[in-house]
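Visitor: Listed here are the chains, written in short residue letters.
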Amino acid sequence: GQQLNQSPQSMFIQEGEDVSMNCTSSSIFNTWLWYKQEPGEGPVLLIALYKAGELTSNGRLTAQFGITRKDSFLNISASIPSDVGIYFCAGHLYNNNDMRFGAGTRLTVKP
Amino acid sequence: NAGVTQTPKFRILKIGQSMTLQCTQDMNHNYMYWYRQDPGMGLKLIYYSVGAGITDKGEVPNGYNVSRSTTEDFPLRLELAAPSQTSVYFCASSYGPTDTQYFGPGTRLTVL
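Here the protein sequences come in this chain order: B and F.
Just so we're aligned, residue 1 is where the first sequence starts under our numbering, counting upward by one.
Just so we're aligned, residue 1 is where the second sequence starts under our numbering, counting upward by one.
Bear in mind the hints are in silico, worked out from the structure with no lab data behind them.
Errors might be hidden in some of the hints.
[As the list claims (entries may be wrong)] No more than 30 angstroms apart at the CA atoms, straight line, and that leaves these computed lysine-lysine pairs for DSBU-like: (1) B:K51 - F:K44; (2) B:K70 - B:K51; (3) F:K9 - F:K57; (4) F:K14 - B:K70; (5) F:K44 - F:K9; (6) F:K57 - B:K70; (7) F:K57 - F:K14; (8) F:K14 - B:K51; (9) F:K44 - F:K14; (10) F:K57 - F:K44.
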């Protein structure tokens with residue numbers, strides 16, 4: 001199936017640092033979504049992007065829908081301990097609207 | 001609104017046993033989905049439904065069945081459990097095909 005390549009796999013950062021993660025694919029997507037998952041919970045939507053080039057912020061989070069529609073990034077500024085979790089990119093495929101998920105970026109924030 | 005609820009939270013099955021994972025949503029969403037999440041991986045779509053009476057296969061449907069007799073409920077059936085089906089199963093729902101999907105808390109299934 002169509003793959004979403006998410007990187008990095010994991011990050012260990014100091015509180016206050018900025019974080020950047022991204023997803024790329026060889027397929028075109030209609031939407032790009034960023035979810036956060038905490039242990040024992042389902043994913044929770046952070047940001048949804050619907051147009052190529054769209055740049056959207058949600059508090060300290062900023063995400064962009066790549067111009068080629070094949071990539072997206074998520075930035076977290078001034079990280080805090082509660083940012084710890086696994087961040088997933090996801091998107092709806094251009095040809096059939098099936099949703100695909102990346103493998104996740106595990107974020108650890110040291111106080 | 002309770003959102004998306006799933007039962008049970010945990011289950012251990014023996015190889016060859018069958019079970020049904022329950023999913024209910026009270027948001028009047030048309031679309032419902034079942035995903036599985038293996039350790040260290042993202043979610044993979046098993047089956048989805050665009051409305052009552054309509055279901056379709058996702059990326060990894062083998063070994064599973066679904067039904068959608070009402071808007072609210074979307075049960076997932078495992079007929080002959082296999083160790084490869086050990087995973088965490090998430091149900092989700094959305095209003096439309098590209099609208100935000102809301103996820104349930106998951107069912108952790110172990111097949112021994």
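Visitor: So, for every hint listed, does it hold in this structure?
Guide: Each hint, compared with the structure:
1. B:K51 - F:K44: holds, 24 angstroms
2. B:K70 - B:K51: holds, 12 angstroms
3. F:K9 - F:K57: Holds - the C-alpha atoms of K57 of chain F and K9 of chain F are around 24 angstroms apart, at most 30 angstroms.
4. F:K14 - B:K70: violated, 42 angstroms
5. F:K44 - F:K9: holds, 19 angstroms
6. F:K57 - B:K70: holds, 24 angstroms
7. F:K57 - F:K14: holds, 25 angstroms
8. F:K14 - B:K51: violated, 47 angstroms
9. F:K44 - F:K14: holds, 23 angstroms
10. F:K57 - F:K44: holds, 12 angstroms
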